[in-house]
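Student: Residue numbers (the working numbering), protein chains in the order written: chain Z, 1 to 431; chain C, 1 to 307.
Once the Cα atoms are required to be at most 25 Å apart in a straight line, the calculated SDA-like pairs of lysine to any residue come out as: (1) C:Lys167 with C:Asp124; (2) C:Lys225 with Z:Ala401; (3) Z:Lys333 with C:Ala245; (4) Z:Lys262 with C:Ala245; (5) C:Lys252 with Z:Asn230; (6) C:Lys252 with C:Leu270; (7) Z:Lys98 with Z:Ile169; (8) Z:Lys335 with C:Tyr214; (9) C:Lys221 with Z:Ala400; (10) C:Lys303 with Z:Arg423; (11) Z:Lys335 with C:Gln244; (12) C:Lys303 with Z:Arg351; (13) C:Lys303 with Z:Leu410; (14) Z:Lys259 with C:Phe254; (15) Z:Lys214 with Z:Val192; (16) C:Lys50 with Z:Asn230; (17) C:Lys303 with Z:Ala401; (18) Z:Lys389 with Z:Tyr122; (19) C:Lys57 with Z:Ala257; (20) C:Lys106 with C:Asn145; (21) C:Lys303 with Z:Ala400; (22) Z:Lys214 with C:Trp305; (23) Z:Lys333 with C:Lys221; (24) C:Lys193 with C:Val125; (25) C:Lys303 with Z:Tyr425; (26) C:Lys50 with Z:Ser227; (27) C:Lys252 with Z:Gly235; (28) C:Lys252 with Z:Asn336; (29) C:Lys225 with Z:Asn402; (30) Z:Lys214 with Z:Ala143; (31) C:Lys303 with Z:Tyr212; (32) C:Lys50 with Z:Glu409; (33) Z:Lys259 with C:Gln244; (34) C:Lys3 with C:Thr37; (35) Z:Lys259 with C:His255; (36) C:Lys57 with Z:Glu226; (37) Z:Lys214 with Z:Tyr122; (38) C:Lys96 with C:Leu11; (39) Z:Lys262 with Z:Ser304.
These are computed hints drawn from the structure, not numbers from a lab.
Now for the letters of each chain:
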Amino acid sequence: MSELTPAQLKAQKKAAKAAKRAASKEASGQAPTRDPREAKKEQQQAAAKEGGSSSNTGNNSNNTQGGSNQSSASASSKEDRTRASRPALFGHLEKAGKVTAADAGKDVHPEVITLALRYSSYQIVGSSDRARTLLQAFQRVIADYETPEGTTLSRNLTTHLGHQIDFVISARPLSVSMGNAIRWLKQEISVVSIDMSDQAAKDMLVEKIDEYIKEKIDVSGSVIVESAVNDIADGDTVLTFAHSEVVENTFIAAHQAGKRFKIIVVDSRPLHEGRKLARDLSARGIECIYILVSALAHVLDDVSRVFLGAHAMLSNGALLSRVGSALIATAAKRKNIPVIVLCESMKFSDRVQLDSVTLNELAFPEMLANTYISDKKKLPEDKAKTSLKYLNLCYDLTPAANLTKIITELGHLPPSAVPVIMREYKSAYTM
Amino acid sequence: MAKFDIKETYLRFLRDDPDITMPVAAIEALVQLLSETETSTSAELIQTLKEASAELKTSVDNSMSLSAGCDLFMRFVLRNIREYGDWEACKGHLVKNGRLFAERSKAARKTISEKGLAFVRDDDVILVHSFSRTVLALLEHAAKNLVRFRVFVTEAAPSDQGKRMAKALRERGIPVSLIVDNAVGSVIDEVSKVFCGAEGVAESGGVINHVGSYQIAVLAKNANKPFYVVTESHKFVRIFPLAQADLPDTKKMFHFTVEEPEEQNADKGLSPVVDFTPHDYITALITDLGVLTPSGVSEELIKMWYE
Numbered sequence: 001m002s003e004l005t006p007a008q009l010k011a012q013k014k015a016a017k018a019a020k021r022a023a024s025k026e027a028s029g030q031a032p033t034r035d036p037r038e039a040k041k042e043q044q045q046a047a048a049k050e051g052g053s054s055s056n057t058g059n060n061s062n063n064t065q066g067g068s069n070q071s072s073a074s075a076s077s078k079e080d081r082t083r084a085s086r087p088a089l090f091g092h093l094e095k096a097g098k099v100t101a102a103d104a105g106k107d108v109h110p111e112v113i114t115l116a117l118r119y120s121s122y123q124i125v126g127s128s129d130r131a132r133t134l135l136q137a138f139q140r141v142i143a144d145y146e147t148p149e150g151t152t153l154s155r156n157l158t159t160h161l162g163h164q165i166d167f168v169i170s171a172r173p174l175s176v177s178m179g180n181a182i183r184w185l186k187q188e189i190s191v192v193s194i195d196m197s198d199q200a201a202k203d204m205l206v207e208k209i210d211e212y213i214k215e216k217i218d219v220s221g222s223v224i225v226e227s228a229v230n231d232i233a234d235g236d237t238v239l240t241f242a243h244s245e246v247v248e249n250t251f252i253a254a255h256q257a258g259k260r261f262k263i264i265v266v267d268s269r270p271l272h273e274g275r276k277l278a279r280d281l282s283a284r285g286i287e288c289i290y291i292l293v294s295a296l297a298h299v300l301d302d303v304s305r306v307f308l309g310a311h312a313m314l315s316n317g318a319l320l321s322r323v324g325s326a327l328i329a330t331a332a333k334r335k336n337i338p339v340i341v342l343c344e345s346m347k348f349s350d351r352v353q354l355d356s357v358t359l360n361e362l363a364f365p366e367m368l369a370n371t372y373i374s375d376k377k378k379l380p381e382d383k384a385k386t387s388l389k390y391l392n393l394c395y396d397l398t399p400a401a402n403l404t405k406i407i408t409e410l411g412h413l414p415p416s417a418v419p420v421i422m423r424e425y426k427s428a429y430t431m
Numbered sequence: 001m002a003k004f005d006i007k008e009t010y011l012r013f014l015r016d017d018p019d020i021t022m023p024v025a026a027i028e029a030l031v032q033l034l035s036e037t038e039t040s041t042s043a044e045l046i047q048t049l050k051e052a053s054a055e056l057k058t059s060v061d062n063s064m065s066l067s068a069g070c071d072l073f074m075r076f077v078l079r080n081i082r083e084y085g086d087w088e089a090c091k092g093h094l095v096k097n098g099r100l101f102a103e104r105s106k107a108a109r110k111t112i113s114e115k116g117l118a119f120v121r122d123d124d125v126i127l128v129h130s131f132s133r134t135v136l137a138l139l140e141h142a143a144k145n146l147v148r149f150r151v152f153v154t155e156a157a158p159s160d161q162g163k164r165m166a167k168a169l170r171e172r173g174i175p176v177s178l179i180v181d182n183a184v185g186s187v188i189d190e191v192s193k194v195f196c197g198a199e200g201v202a203e204s205g206g207v208i209n210h211v212g213s214y215q216i217a218v219l220a221k222n223a224n225k226p227f228y229v230v231t232e233s234h235k236f237v238r239i240f241p242l243a244q245a246d247l248p249d250t251k252k253m254f255h256f257t258v259e260e261p262e263e264q265n266a267d268k269g270l271s272p273v274v275d276f277t278p279h280d281y282i283t284a285l286i287t288d289l290g291v292l293t294p295s296g297v298s299e300e301l302i303k304m305w306y307e
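For reference, chain C alone in the conformation it holds in the complex:
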């Protein structure tokens, strides 16, 4: 049997289904691995899963979010393995429930839009940073409920994901003004609230998100505007970054030189993909578990992991 390529499977899941999030794709890839690999003992299975998770985490750039999925699935497996005496039944159960888990995670977005509806009001001017499926789902749901609001969307350079967001919102009949990232300070006084998604939510309630979120959060705090993070609870990760330097990729930027690079825009490549917004700047997290304060995240994580 050819060696199962966990990274390729993961990327395929992401490609095939644009609605899928990274942690869910990771879980689906691991379930796929589980159903395709022959393992005879639980120790072997755990070992296989551990290796695959480690491989995924190291081979994919920006692995914060998918590691949430890997850890969650690992936790789920370890808890279930103990409960089953019969090995085959156990494996069947894992595969079946792993799928169910992925399904449920996808359904989370609907719950979030319902719980977050009250946060979008008539005449609101909402600032959105970059592209986020959860924010899109929430705003779409609000528009369907005949809430009239306008949206500032940042471009989110260098990935330009904001353009994608603006297009998607306009298609759904929501009036959008696309601004450059540098203009956030100029419009912040006119904004009534800020929404952003998350790649991962840390133990402290701080979020790892598309680069630029942190500076927007600081501006929002300074202008006393609420900063809401809209995210699924499966993105909660058991990590606790203390500073930006604790995230991968941040070190690349500290490359100072007097040489003008030959290639244009070469400096852009040094920009990190994500940044960390500490919990002090976040008003609330709108999740499928309800609307949480940042400290509620660690509470949910403790419940999730130790029950």
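Chain Z on its own, in the form it takes in the complex:
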């Protein structure tokens, strides 16, 4: 997501600066021009001491008393601490932060605050849903926006949206679909004519967002469902992993079309997204088996198709999806079972990635600590007191070789067609 890098860089710089300032304040007497890395290390030590003495909250809990200035400083120290508690090699990954409404700057719209908190607590998951809700929130932001004196909407609104986006990112890193939607929206704003009245421009943008949601998410989704149904035949056993909106809709549509088939929902800790799918499908009378990914080998022999949803499709034909998908695809490939990915072209990314480590997202480590079975099996959560490290990755990468085909709203395509679609539709994306 090349578009996001400047924003991320800015945020990083800001945090580094704040950390430096705070550190130099604390250790007065030291020369002000120190190596920032050194300053960070010191900051980290100071933070560790702090964490050790305070016992009321977990390390990750947020310091809510601070104003926005202070909170950014504490955020960076928090960052350092969590970094130390992760296994090496994963230190660079973006992670969801625990934010509260108090962390938001004054420019952040209440709608966006609510939404960011829901992202952060995984109440809204799935990249289509996240893109849709983000755009809908932006409609409110745009409707409530007023251009300040001495500037124009086409210049200022992007900056204003930038504040909203920064806050959303602080709650959870953006998905590829959200990145694509934001890129498109910024492009739309930048071409708003100066002569247009603010109200007219706002109305137009709100309407365009409606169109985007309809065309790129809703209609694309239903076109995919319509054609994916043909890949389910009577007597099939279809295996799927976690939860994907289009995959669920495809199963429902196939069921409504009178096809008799069986679904195996494979699920995994810690999000258990498959439960929603298993519940929804069985409520409609579709024959369902629910297993955890660890039991995969036992059911694979009967499977005739694997359907996967996507977080993103990358330019080298690789699939980025919920962690565990790569395992499923590899196992299926070994048994010569076709692996079908359902993915709107809105989730195509021009990025190329060869492994799951380079770019990924870390979810809250304490999700792994608790098993919900018995307190005795609980792992220590307080990172200051244990040498145990948690790695809770959100996504993994399935190489193109393990995928059979991608069903998009543009047809049934081999994974190698992803860059072709990106190229041929360049105009459509940057419209």
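Here the structure of chain Z is known, so what remains is to put chain C in place on it, guided by the hints.
Tutor: Relative to chain Z, chain C alone:
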């Protein structure tokens, strides 16, 4: 006016011109339909064409290849109808260009032989499966260019199209050894490359071809011999079979019985006409658009359909 018989017209085109391929015959039949039927609105025309294509696809066995032609022509019609305001001019244009299209498709074979020439070298031993006009054209062109090579041709049971291929090659002065299909494994180590034609090329770059192609492709892959598909680009179809079962006719074979059939060779009739060779087994496709990797097919299809 008597009802236009699309199937009969199609079959007549195929009979009259032995050089014609199934998709081209389908296009010609549709053009014929267009010029003979009175339609007053574009919606009616589209409807007529749609019905005719559907009828062709269902009434002819092994319709994969001709459906490529139908879809292509349909696409062409839909694109042109929007551009013309005047209805009569539009129809005239469609008929004229439909013919041109058929002509151009026939010319494709010549282009293919030129592009594929570099793939036939001196001292090559080439394995060819069944009868294919494009492969024949390519090998003939190579022989004319004084390349010295020998050819194994499979019989291609039960249709015995391979015998036809062997005869045609020998007539053109190319030394041929006709082998039974079961002998491919015995000769594969001596073969330098495999050529075959295609009935249709799927979105993935996999090909639908005369039954037996798949097993030869697997053997070739195992022996590390290049497997080339020689085909016209108008055979590219927007379908994506995942397995053999996605092709028509494959289900017939799953009829298990302990009864000995009264008629001899009755089991032969259950054999499918075509099979699907997945793209993993194909080295390259030699087409009129150039020599493509299997993934190049979807690229060409996307360009063809969305430009």
